[in-house]
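Enquirer: Work the whole structure out from these sequences, hints included.
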Amino acid sequence: MRLAVERLRVKRGGRTILADFALEVKAGEIVGLVGKNGCGKTTLLSAIAGVLAPSDGRITVDGASVWGARSERQRARRSLGYVPETADPPGFLLGTELWSLCAASRGANPPSEALRAALGLDELREIAIERMSLGQRRRACLGAALVGPPPLLVLDEPDNGLDAKRLDAIVTLLKEHADNDGATVMASHDAALLEQLGARIVTMNVVT
Amino acid sequence: MIVPATRRAAAVWVGSALVGALIFGQNAMHPSDLTWLALHNLGVGGVLGLTWLLVFVPTARLLIRGDGASYLRSLPGPRLAAKGIGLAALVVLQLPWLLLWTIGEGAVGLGVVAAGTVAIVVLASWKPPVMRATWPGWKADGTALRAVHLRALRRRAGDALVRGAGLSILAGAGAGLFVHNNELVDMDAAVVGASVMAVVLVPAEVGVLLVILTTHRQTAWLASSLGISQATRLAAVVYAIALVQLAATVIAIGAVALVSKPDHGTLLWIAGTSLAVALGSSLGCARVLLSAEDSPTVAARVVVGSTAIAALAVLCLGLFHELGVGAFLAACVLAIATVKVPR
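Protein chains in written order, with the numbering used here: chain R, 1 to 208; chain H, 1001 to 1343.
Please note that a few of the clues may not be correct.
What the hints assert, rightly or not - Computed beta-carbon distance windows for the label pairs:
| no. | chain 1 | residue 1 | chain 2 | residue 2 | range |
| --- | --- | --- | --- | --- | --- |
| 1 | R | Val-206 | H | Val-1003 | 39 to 49 Å |
| 2 | R | Arg-15 | H | Gly-1068 | 35 to 45 Å |
| 3 | H | Pro-1004 | R | Ala-128 | 30 to 40 Å |
| 4 | H | Arg-1154 | R | Arg-12 | 31 to 41 Å |
| 5 | R | Glu-176 | H | Gly-1158 | 41 to 51 Å |
| 6 | H | Gly-1272 | R | Asn-109 | 57 to 67 Å |
| 7 | H | Ala-1331 | R | Ile-201 | 49 to 59 Å |
| 8 | H | Glu-1322 | R | Ser-71 | 39 to 49 Å |
| 9 | R | Gly-161 | H | Gly-1158 | 27 to 37 Å |
| 10 | H | Gly-1158 | R | Ser-71 | 36 to 46 Å |
| 11 | H | Ile-1085 | R | Arg-12 | 27 to 37 Å |
| 12 | H | Leu-1087 | R | Asp-168 | 54 to 64 Å |
| 13 | H | Asn-1182 | R | Ser-71 | 49 to 59 Å |
Unchecked claim - Part of the chain R face toward chain H, derived, beta carbon under 7 Å:
| no. | residue |
| --- | --- |
| 14 | Arg-7 |
| 15 | Ala-104 |
| 16 | Ser-105 |
| 17 | Ala-117 |
Note that these hints are calculated values from the structure, not bench results.
For glycine and all other residues, C-beta sits at the position ideal for the given N, C-alpha and C.
Expert: Below, the structure is given as structure tokens:
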């Protein structure tokens, strides 16, 4: 698994957020994006996840472009699991339905017993996402991102709203993912978490 | 509490006005003819009463179980004023029903409205049981996305669907009366029947269309990051709209059959034509939804767009008869084929 971001340029509302940005993440690696608010961490992760179209540059997952032709795009995006900063899937969906949608799209089985136990997903099975707390929504989204699991994880502040027990579980899950040659690129303001994960830190700066 | 209920009742008023214009305008029926028939013919009375229950219960639910009503009940102080206002709104918002019965039967009509209001309050107070979740057996993204739209309809558009079922009966009844009173048969009956249904079903569909659009928007980031193609997303939207339109049309056809009692050939013409129009309208409405997707005035655009599609159907049928069905379908297929697909 290899994620390559080359000469990436992204504009939002007429403002250039990322300019000529480059990043490479190899199999078994965890990369932590850090930087001031507004430096483009969320924008970068959205572009990598296929949600926000870049104005220029290239993002590839194992050589397949995330923004390329249809089949290539599909191959790239099915190789990644994404947790957005807002963690806001449709509110009427139950936990089981969110995970089943992700499993069907990736051609994978529903979350394993180990994953359900680590993130406490069983207690969220019958709860509508709109009725979950922020921490519960984050766990539900992490469960959705990890269904499969896909070789690349794109996580935007995955620790936001989680208690200590679930934070430990995330550290274990992400380390196991890396041990199995998976890659993770994540944004977080928690330096201790990134250190615990042994993440390679990439500092982003605001484009002037 | 009153304002959202009035907004919800507006669609019922529009639907009732359209059917009222057809029944009491062109055919010169008086409200008393209909109310007399309803009081002396169990079938007509049952259909009329059931239709009103279906179309008005969603509005009543807002007055009885809506967030605003719950908030008012939670406030300290006397509850009598809030209850009085709620009850008055419950009666006043039934304006078309109230007018029909008071003009038709006077004091007896008021009694009928009062008895109906009690039934409406009982139905609107009912709370459906919570359903247990099971693991959905979705095997492909298209199946999953279509199922997500169906869940959105069930959980978000329940009231709009109930109201839509009532308006569908009204649409069919209006179309049936038109066909019956003008002694129309075969394609002539189909042209008039399908045209009436297409127009009267517009207020029945708008609420549901907005729920489908919201679901389409909310699943956008999830679908993009999961690699679900735009074609699959578009197909899911068309599927959800078509399901609702076809179901509404089937209900309306049933009402036509009951009201006008046409011969088999005429009923087949009406059913075939109106189902084809419903299918075309689904494609046209999907086009309207997707073009209005990012607009700040999405609700208004959906109403105008749906009305324009119904008008196009009437125009095609009126001008070209049998060929008009094909022309309308072709126009709607062309409309959906020209949707701009983002990456």
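Enquirer: Per the hint of 36 to 46 Å, is the separation of the Cβ atoms of Gly-1158(H) and Ser-71(R) within bounds?
Expert: Given a distance of about 39 Å, which is inside 36 to 46 Å, the answer is holds.
Enquirer: Has the hinted range 39 to 49 Å been met by the Cβ atoms of Glu-1322(H) and Ser-71(R)?
Expert: 42 Å, holds
Enquirer: Should the hint that Pro-1004(H) and Ala-128(R) are 30 to 40 Å apart at their CB atoms be regarded as holding?
Expert: With Cβ atoms ~21 Å apart, the hint is violated.
Enquirer: With a cut-off of 7 Å, does the beta carbon of Ser-105(R) approach a beta carbon of chain H closely enough for the hint to hold?
Expert: Hint on Ser-105(R): holds, closest Cβ of chain H at ~4 Å, below 7 Å.
Enquirer: Falls inside 39 to 49 Å, the C-beta gap from Val-206(R) to Val-1003(H)?
Expert: 44 Å, holds
Enquirer: So the hint says 27 to 37 Å: do the beta-carbon atoms of Gly-161(R) and Gly-1158(H) match that?
Expert: The hint (27 to 37 Å, Cβ to Cβ) holds, given that Gly-161(R) and Gly-1158(H) are roughly 31 Å apart.
Enquirer: When you take the CB atoms of Arg-15(R) and Gly-1068(H), is the distance between them in 35 to 45 Å?
Expert: Because 40 Å falls inside the window, the suggested range holds.
Enquirer: Using the Cβ atoms, figure out if Asn-1182(H) sits within 49 to 59 Å of Ser-71(R).
Expert: 56 Å, holds
Enquirer: Note whether the CB distance of Leu-1087(H) and Asp-168(R) lies within 54 to 64 Å or breaks it.
Expert: 56 Å, holds
Enquirer: Just to be careful: measuring from the Cβ of Ala-117(R) to every Cβ in chain H, is the smallest value less than 7 Å?
Expert: For Ala-117(R), the interface hint is violated, since the closest Cβ of chain H sits about 16 Å away, which is over 7 Å.
Enquirer: Can the hint on Arg-7(R) be confirmed by a CB-to-CB distance to chain H that is less than 7 Å?
Expert: 18 Å, violated
Enquirer: Within 27 to 37 Å: is that where the Cβ-Cβ distance between Ile-1085(H) and Arg-12(R) falls?
Expert: 47 Å, violated
Checked against the numbered hints given earlier, this structure breaks hints 3, 6, 11, 14, 17; the rest are met.
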